[in-house]
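Asker: Here are the chains, one letter per residue:
2 protein chains.
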Amino acid sequence: MGTTQLESVPEPKYWHLKTVLSEALDSEFSVGEILPNERDLAARFGVARATLRQALEQLELEGRLQRRRGVGTTVAPPRVGVAVGTEQHVWPGTPGDDWQLADCTLAAPPAAVADVLETGRDEPVHIVRRSRMTHGQPLAAELLYIPRSSVPDLSAIDAPAPVARARAVLRELERLELEGQDRSVELGSARADDAKELDRLPGAPVLLVTTRFVAEGRTVALSLATYRADTCRLTFGDSGGVEIDHTPERRAS
Amino acid sequence: MGTTQLESVPEPKYWHLKTVLSEALDSEFSVGEILPNERDLAARFGVARATLRQALEQLELEGRLQRRRGVGTTVAPPRVGVAVGTEQHVWPGTPGDDWQLADCTLAAPPAAVADVLETGRDEPVHIVRRSRMTHGQPLAAELLYIPRSSVPDLSAIDAPAPVARARAVLRELERLELEGQDRSVELGSARADDAKELDRLPGAPVLLVTTRFVAEGRTVALSLATYRADTCRLTFGDSGGVEIDHTPERRAS
Chain A
0 MGTTQLESVP EPKYWHLKTV LSEALDSEFS VGEILPNERD LAARFGVARA
50 TLRQALEQLE LEGRLQRRRG VGTTVAPPRV GVAVGTEQHV WPGTPGDDWQ
100 LADCTLAAPP AAVADVLETG RDEPVHIVRR SRMTHGQPLA AELLYIPRSS
150 VPDLSAIDAP APVARARAVL RELERLELEG QDRSVELGSA RADDAKELDR
200 LPGAPVLLVT TRFVAEGRTV ALSLATYRAD TCRLTFGDSG GVEIDHTPER
250 RAS
Chain B
0 MGTTQLESVP EPKYWHLKTV LSEALDSEFS VGEILPNERD LAARFGVARA
50 TLRQALEQLE LEGRLQRRRG VGTTVAPPRV GVAVGTEQHV WPGTPGDDWQ
100 LADCTLAAPP AAVADVLETG RDEPVHIVRR SRMTHGQPLA AELLYIPRSS
150 VPDLSAIDAP APVARARAVL RELERLELEG QDRSVELGSA RADDAKELDR
200 LPGAPVLLVT TRFVAEGRTV ALSLATYRAD TCRLTFGDSG GVEIDHTPER
250 RAS
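From first to last, the protein sequence lines are chains A and B. The opening residue of the first sequence carries number 0 in numbering that gives the first Met the number 0; numbering runs sequentially from there. The opening residue of the second sequence carries number 0 in numbering that gives the first Met the number 0; numbering runs sequentially from there.
Please note: incorrect hints may appear among the correct ones.
[To be verified] Using 25 Å as the maximum straight-line C-alpha spacing, the simulated SDA-like pairs for lysine to any residue come out as follows:
#, chain 1, residue 1, chain 2, residue 2
1, A, K195, A, L34
2, B, K12, A, D192
3, B, K12, A, D114
4, B, K195, A, E59
Calculated from the structure, these hints are not laboratory results. Just so we're clear, the structure is a prediction, and the values are computed from it rather than from any experiment.
With the hints as constraints, model all of the structure from the sequences given.
Answerer: Next up, the structure:
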C-alpha cells in the first residue's frame, strides 16, 4: 500500500487514516496478528503518533482491533453474538444459562442498587458473582444483587464452598414465580476488577446490561452485567440476532 | 480540592485521575457547565496532558462528559432511557413511534445488508432515513432498508416531497403481517454523516442497533440505527428499563 498522502483531506486526518488502516487490516493482516508498533505505523502512513492513536481507538471501538495487556494491538476476530434478551422469562442459574458461578457474599450494595431494590442503604444483600464464557474467552462479568427478603427460606448458608453458597441462593430465588424482567444497555468503561476478569485494560469500553427481575409485584433481584464491547454483539429476541458487518466503511454503500 | 498527588498509586494514573475528576464533577460543576481547558486541568491535577486526556475519555465513555463541536467539554446530563425493544411487535412508522421521517431513496444497499435481505448485491431497495429526537435533542439516526418485493403494490412514487415518499413506503410495509423481529446492539463509532446528524464528532462512540423485521417467513425490512452512546441508555421490555447510576465510583459500594 505504501505511504498515503493525508494532507489534502477535508475530514479529520485520523478519520481518513482509520479508513485506510481498516482497508490494510482487510488486505494485509489476519485475525490475531499483532500490529507493528505505533512509531512504525505512524511513519508508514506519514502521520503524527497522536493521529495514529486516534485512528487506532476508532478501530477498537468498531471491534476491528483489540488492545491486550502484555500483547499489544491485535486484529480482532468478528464479534460474537451473545443472546441477552429472551422471550421466555427465566431465572438466573436455570438450566441452559451459560453463566459460571464464582461466589456469593452478604454485603451492603451500592446506594443506587439499594434504591432500586428498596432495601435500606446499609442493609446487606446477597451478592452473587458470575462470569460468562465462550470458547474459554470471558464475555461478561456479573454482580447479581438479591435482597434477603427474596429468599426468606434460605437456611443459614453453611456450605463452605463459595460456588455452593451461590447455588443455594439462586435455588431459593427460583422458588419465586418470575413475573417479568426489563433490561437496559448502555456504554461504560471497565472497572479495574471487571477489566481483570474480562482480560481487558481498565477503562476499556464495555456494554453495561442492567436487568431487573420482578416477582410478587416487586424487584426481587437486580443484575449488573459488564460485557466486553470489543468482542460482544448483544442480541435480543429468539432468533439470536442479525449478522451485520457494521464497520462504517462497509455500511456506506 | 487543590492539587492531588498521583505519584504513589498502583492503578494506572489516568484511572485514579478519572475518579478524582469524577468527584470534582459531582462537587464543583453543574450539568452543561464547560470544563476548564486541558492545560489548566492538567496543571491543577499535576498530570501530563496525555494522562488527562485518557481520564476525560473515560468520563466520556461513562456519559459524565460530552465533547461538543465548537463548545468544548461539558458536564453531561444523566442519560435518557430510550425504549428500543417492546413486547408488542410494531412496524416502523406506526402511531406512537417517535421517529421523524427524513426522506426515501431507491439505491443499492451495502453488501452486508443485501445479504441479509437476500436481494442481489446491485439490486436497489427503498432506503428510508429517519431520526429520533427528544426535547429537540437528536438521539438516533436510522437507515431502514426495504426490498421492493416487500412493498409490491407500491405505485410509482410520484410524491415530490421526500417525507411523503418515505411515508408511502412505510404505509405499504404495514400491509404485511409482522411475524417477529430481532435486534442486536453493539458498540461502534459515528460515521461522519451520522455524527453530523447527531451533533457529535466523527468517530464518537455510538450504540449500533440492528433490527430485522420478519413477515411471510422472510426478512422484509432491516433497520440500522445509530444511537448516541453519551446520552442514551437503551431499554428493553415494557417497563421502560431501570434507573441505575452505572458510574464505577458509585457502583463500587
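Asker: None of the hints should be skipped; say for each whether it holds.
Answerer: Evaluated hints:
1. A:K195 to A:L34: 23 Å, holds
2. B:K12 to A:D192: 16 Å, holds
3. B:K12 to A:D114: Distance ~32 Å between K12 (chain B) and D114 (chain A) Cα, so the pair is violated.
4. B:K195 to A:E59: Within the cut-off at roughly 21 Å; holds.
In this structure, the one hint that does not hold is number 3.
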